[in-house]
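Participant: Sequence order for the protein chains is A and B. Taking the numbering used here, I'd label the letters of the first sequence as residues 1 to 95. Taking the numbering used here, I'd label the letters of the second sequence as residues 96 to 581.
Don't take each hint at face value.
Quick list of in silico lysine-lysine cross-link-like pairs, BS3-like style, CA-CA up to 30 Å [as the list claims (entries may be wrong)]: (1) B:K180 with A:K24; (2) A:K2 with A:K36; (3) A:K24 with B:K423; (4) A:K92 with B:K423; (5) A:K24 with B:K505; (6) B:K180 with A:K83.
Far from chain B by the CB rule (all over 12 Å, computed), these chain A residues [as the list claims (entries may be wrong)]: (7) E23; (8) V67; (9) G85.
By construction, these hints were calculated from the structure, which means they are not laboratory data. Every residue gets a Cβ at the ideal spot worked out from N, C-alpha and C, and that includes glycine.
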Amino acid sequence: MKITDKEVDYVALLGRLHLEPEEKAKYRAQLDDILKYMEKLGEVPTDHVQPMAGTVELYTPMREDVVRPSLPIEEALANAPAKTGTSFRVPKVIE
Amino acid sequence: MSELYEKTAAELGELLRTKQVTSVEVTRSVLARIEATEARLHSFVTLTPELALEMATEADRRIAAGNIGPLTGIPIAIKDNMCAKGQRASCGSRILANFIAPYDATVVSRIGEAGMVILGMANMDEFAMGSSTETSHWGPTRNPWHLDMIPGGSSGGSAASVAAGEAVVSLGSDTGGSIRRPASFCSVTGIKPTYGSVSRYGLVAYASSLDQIGPIARDATDLALMLNLICGHDPMDSTSVPIEHPDFTTFLTKPIAGMTLGLPREFYSHLDDPDVSRVMTDARKVFEGLGVSFVELSLPHLDYGIAAYYIIAPSEASSNLARYDGVKYGHRAESFDGMIDMYCRTRAEGFGAEVKRRIMLGTYALSSGYYDAYYLKAAKIRTLITEDFKSAFQTCDAILCPVAPTPPFKIGEKIDDPIQMYLTDVFTIPVNMAGLPGMSIPGGFSTTGLPVGLQLIAPHFAESRLVQLASAFQAETDHHLKRPVL
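Required output: the full structure, derived from the provided sequences and hints.
Facilitator: Structure representation (structure tokens):
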């Protein structure tokens, strides 16, 4: 197999996904199939090719550094699963 | 005399302008149609009939005051991944099942300013990841032409609603074919504009360098009206391009004699379905009759498009979907042990299998040790594919090819085999990789009566050429006039 159990665990952790053991096995097999298919790309010589980030010429549009109205706090908090005052409430991050 | 819900936006516009009907009457006709067919089709995630009638009443007030635009009073369905203030946008996912958009996407603002009537949010593959609308948390949408078949995806609800008369026009989004494929499978007309033509502000991101919003309609005329409405630079989207778009309706009656269409041999060598082959041959005859010549050409890196896409898109998605963490909006798990566990359980509960698969694939491809072999390699292939198209367009005005390798297939047939599903994107993906505009138009039907679309691809910002070709084709054929019996 191209992808090891340990790599599946690592990738799931990076992606913040909890997986049950049967799921791990299933995804491992499917990802393995997909990665095997990706080996095709090795057939193409690309040493002198520039990678493409986007399809149009990317540039950074600038504007004046002037404060503009943004989403009001109550609206920003309207969908929050948990809130306190003007903040989102989350489990303790730092012990 | 057809029902109001069966008419095109252009036809309805004429009736509204001449005060033969009101927007409320048109909207009621569409809502009644939805009531008659929606239980079988499931095109919508969220239906908002009261809001629709309010918007229709407002449109009628505007029209009476003499303030009527080309699309005022026309009912539209919006794909469930676009923000309409105060409406739920679930992106076909459990993780956003309770998310109410706090602002309007730019396209939704434009729809509102035009006085259109929003019917509701159309069903889609979860977070636009899929080719069949089977990964929606809310269940699949069915093909109006044959209820056991997929409508295509990921904008399946957007296409099915227009085909069935449950919407006059709709908006979809296309990252690897998600407008063109359902348009083909439902026998309607859909376009993915050039990347950067339509603002992505308020479109929930899947793969930011590939996503583009586009309209689905019953013919090229309605598509041109919609393109006029939604194309244009938006300062809120820094990837939208500051280019002036033409009035697309001026291309509807331009003759196409003298144009050249390219036939990429790699597309045609992949074609072994007899129905799709027949539709392509018939289409070629129609275009030849209209004075178009053909040239065979090569897109040598076409075969690598799927592999490159299924690295780039999941990589970008793994980053874009990191925001679904149970903190700011959406689902949060009830029991967890600390912050990281909250994230892990929230996302495990909130995301479906295809989304998880792509997040893991993307995370793997971007992780240290693998970045060069996968993401960087795919980004280089992307350059080669784009250069292939640039060369191709030196010898032709547009490319003619299939949309999908087969007619629509059965719900459940490919969903358990990810690679089989991915391979159905072979003709649509390269267009997104290069950022080109691509249109799907009804091309005919299989021997069992299932729709088969044609794809036309043009150079960057040459959507007008696609409108011109589609309009000429539709003046000569009647596939786009057929309606499913429901």
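Participant: Would you pick out the hints that fail for this structure and give their numbers low to high?
Facilitator: 1, 7
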